[in-house]
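> Sequence:
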Amino acid sequence: MMNISMILFGAARAALLVLTMAPVAPAQAAELNLNASWQFFRDEGGQLASADQVPNGAWTEVNLPHAARIEPRVPTAPWQGTVFYRKRLDVRLRPGERAILRFEGVMNVADVWLNGRHLGQHLGGYLPFAFDVTDVLRDTGANELVVRANNEDNPITGPKPLKQLDYIQHGGIYRDVRLVIKPAVHVTDEMLSATPGGGGVFVTYPRVARDEARVEVKAEVSNTSRSAQAVTVRHTLAWDGRQVAQAEQQLRLAAGERRHVTLPLTLRAPRLWSPRSPNLYRLETRVVAAGSEDMVATRIGVRRLAFEDGRLLLNGEPVRLRGVNRHQEYPYVGYALSAQADARDALLIKRYGFDFVRLSHYPQSPAFMAAADELGLLVLPAIPGWQFHNPDPAFARQVVRTCADLIRRDRNHPSVVAWECSLNETGMPDPLVQALHATVHQEYPGDQAWSAGWVPQTYDLYLQARQHRIGSKHRAPAKPLIVSEYGDWEYYAMNAGLNQDAWADLKPADRSSRQALGSGETRLLQQARNVAEAHDDNAATPAFADGYWVMFDYARGYAPDLEESGLLNIERVPKFAAEFFRSQRSREESSPRWGGGPMVFIASYWQAGSNPRVRVFSNAEEVELRLNGRPIGRQRSAPSTVHPRLAHPPLEFDTGGYAPGELVALAYAGGRVVAEHRVRTPRQATTLALELDDLGVPVAEGDLVFLRARLRDADGTTVPSSGAQVAFSGIEGAEIVGSQVVATEAGIASVLVRVNGPRAGVDATAQAGALRGALAGAPASTR
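Here the sequence shown stands for residues -29 to -1, 1 to 754, where the numbers follow mature numbering (1 follows the signal peptide of the UniProt record, and there is no 0).
Note that these hints are calculated values from the structure, not bench results.
Some hints here could point you the wrong way.
[Unchecked claim] Straight-line C-alpha distance at most 30 Å; calculated DSSO-like pairs for lysine-lysine:
hint, residue 1, residue 2
1, K444, K131
2, K444, K478
3, K134, K478
[As the list claims (entries may be wrong)] Distance windows between CB atoms, simulated:
hint, residue 1, residue 2, range
4, E183, M266, 45 to 53 Å
5, A745, R185, 32 to 40 Å
6, P729, E183, 40 to 48 Å
7, A365, A409, 16 to 24 Å
8, P402, T233, 29 to 37 Å
9, T233, D532, 51 to 59 Å
10, D182, A618, 15 to 23 Å
Quick caveat: nothing in here was measured; it's all calculated off a predicted structure.
Ideal Cβ positions, reconstructed from N, Cα and C, are used throughout, including at glycine.
Using the sequences and the accompanying hints, generate a full structural model.
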C-alpha cells in the first residue's frame, strides 16, 4: 500500500498534468485544476460592488490556495472585508458533455459569475459548493470567471463576531477550485443532489467480519442527453493495485433521468481499517454509455463501529482513544494551507501519540481528511459554531444545511467516528437540536452514523469538556461520552480541582497550560504536569475518547496574542507536553510512516537553573537515569499515587543538585535497553544550523514548509535561548511568507516559505549576530 508521502506526491503530479491538458475535453471524464493564475484585488475601502469597478492595473496575480491578506505572526486586526478574484478559462465542451465548477472552500460569503452571469451565492466558508456551468460556457472557449468573497461578521452563518471569537475566520479562496468535465451520462456531484443521503458515490458496510465483508455502493447516475441510454454501472475494488471484487448492472435511463443505483460487493478475508492498521482500498465506479465513460475513484476503509455500554467497539474490539483538538491555521497565511502542510499536521498528531482528533470548530480540509484515513486517525468533524445562536429562522436553515453538506463531503472517510452537528458551547433550542440529529441520520441512514453534541439531550454521543464536568451538579447522561476538551481552561481559570491546591501560590501565568515554547523549563514542565493530571483524571470517567485542547498554538480574534496551550507552537515545534503524550502510546505500536515503538525523553535542558529533580517520559517497563556516567536511579513505569490510572506516568529522579554535563536516560523492556535519550548542558552557540522541516512528506510546487535555524554549540546541542533575532536571506527555490526576521524560541527560529520547485532546489542563509548558517539543496531535516 502506498504511504502518505507517495499519495500526496502522486496527487501533486496529477494536478500538474491536468493543467497541461488540451482545451477540448476527451470523451472520458476529465478534471481541470484551476488553482493557477488568478487575478486578485482586495477592496480596502469596502466601496466596490463588482469586479468591474476595480481600477485598471490594480489586479495582482496569485495562485490558490490564497489568503485574502498575509497577517503578522500575531494578528492584532485580522482582515475582514471583500476581495475579488477573476480568471480566464480556455475550455470547450464536446456535444453532450457537462461541466461542473466546484469550489472546496471560500470564506465566508461567495458570489460567483461566469461570463457575466451570476451563478449564485454560497453561505459558509468551510464546505464545497458547485455549479453546473455547461450552458454558460462560451463556444469560443474564452471565458471569464469572477468571485467576490466576504469574510465579515455574518449573523446567518455565525459564529459570534470576530472581536469576541477565540479563533479567526480568515478570508479568501483558500482551498482548491476545479472544473470537472463529464460525459452526458455520468456520476453526479454529491453537492448538487437533491436527495438526502444521495448524490455521487456513497459506500456503506452492512456486514463486516474477519472472514467476509459486504460493501454496498450507492451511486447517483444522471443522463443529461436528449435520448434514452443503455447504461452499465460497474464497481471494481482493488487492494494494492489488484482487483479483489467487482459488481455491475445494466439499466436504461430516460432522457433527463437521475437514478440511484445500489450494488453490493463481497470481500473475502478483508483487510480491516483501524488506527493500528489503516488499510485502504481503491474503489472505481465506472458509468459507460454510448461510447463514453465516466470514472469516479473513492478511497475506502472497511471497518465497523458499534457502541456497547458506553464503550466504542471497532471491528468488534473495544478501543479507548487518546485525542487532541486541532485548528487548521498556519501563521501568516491563516487557512490557506497546501495539501502537504495539512498532511504534515496529521503526521505530527499521529507521531505524538494520538489516534483521535476533534476537528474544532468547523469542517477541515479534504487533504487533512485523506491524511487521517491514511495514518489511522479517527476524527470528529464539526459544523461551524462557537457560543452563538441567532433566532432568525434563516440561521437554523443554514446550520442544518451545513450539517448535511458536511456529511455529503466526508461520509466515505473511514476515519470519521461521528458527526458533531452541534453549535459548540451554544444554547440551542430543542427543535434545532432535533433537526440536526435527524439530519445526521437522514444523510447517513443505517446503523453506522452517530450524532454528537455538547448538550445531553437527543444526540447519540455526549461531548463534555472537563471544565464543564468539574463542579457540575448534573450527572452525565447514560450514553457514550467524549471528553471534548481538557487541560487548558480549567488550569487557566483554576477550577481543575485535584492537585491544583498545591499550586495555589503560583502566579496565574506560571500555573497555566498556556505556555509559549520560549517560556522556559519551569513553565513548560508545569504545562506537562497539568496535562498528565488531567489525562489521568479523564480515565476515571466512562469516556471512550478525550481531546486535549489544543495540538498547535493559534491566533484568535478577541485577544491580540496567541492561544499557547498547544503541545506544539504555531510553527509546529514541540513542547515538553507533546513528549508526555508520545509516552502514553504502547511501545508495541509503531509504523515506518509515523514512528512509535519504545521511547524515552528527558524533559530538561539541563542548564544552570534547571530543576535538579529531572522528569522523564517513557513507555518502557523501567527507566535508568545517569549523570556524567554516574547512576542516579532506576524506576519502574507503573501507576502511582499521583497518577493512579496512567500506565506510563512521568518519572522523577532526584539528582541531588545541578552539575553541568550529560544526562542519559535508558529505557528497559524485558531486561534490555530498548530506547535512549541524551541531554547535554548547552554551551555558547557557535553555529546556526538550517533545515527545511518537511517531515518526510515530499515538497511540491506551491507547498508551504517551515525553514528553521537552530542555535547550536560546538557539540551540536541546541542552545535553548529565546529572543535572539535571526535574519533569513538568500532564499532561492522558495519565497518567505511573512516576516524574514524572527526571534528564537528555545533556540529555534522558524520562517514559513512557499516552495517554487522540488525540495532539493531550496537554498537559504541566515544570520544571528556573528553567527551565520546556510542551507544548500535542503539537506534532510532532523527533529
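> So, for every hint listed, does it hold in this structure?
For each hint, the structure was consulted:
1. Under the criterion of a C-alpha separation no larger than 30 Å, the hint pairing K444 with K131 is consistent with the structure, at around 28 Å.
2. Of the pairs offered as hints, the one joining K444 and K478 holds, with about 29 Å between alpha carbons and a cut-off of 30 Å not exceeded.
3. A threshold of 30 Å between alpha carbons decides the hint, and for K134 with K478 the separation of about 27 Å falls inside it, so the pair holds.
4. Look at E183 against M266: about 27 Å separates their beta carbons, and that is not inside 45 to 53 Å.
5. For A745 paired with R185, a C-beta distance near 59 Å fails the hint of 32 to 40 Å.
6. Distance hint for P729 and E183: a CB-CB separation of about 45 Å, consistent with the stated range 40 to 48 Å.
7. At roughly 19 Å, the beta-carbon separation of A365 and A409 lies within the given 16 to 24 Å, and the hint holds.
8. For P402 and T233, the hinted distance range of 29 to 37 Å is satisfied, since their beta carbons lie about 32 Å from each other.
9. Under the hint 51 to 59 Å, the C-beta atoms of T233 and D532, about 53 Å apart, fit the expected range.
10. A beta carbon spacing of about 33 Å between D182 and A618 contradicts the range 15 to 23 Å that was offered as a hint.
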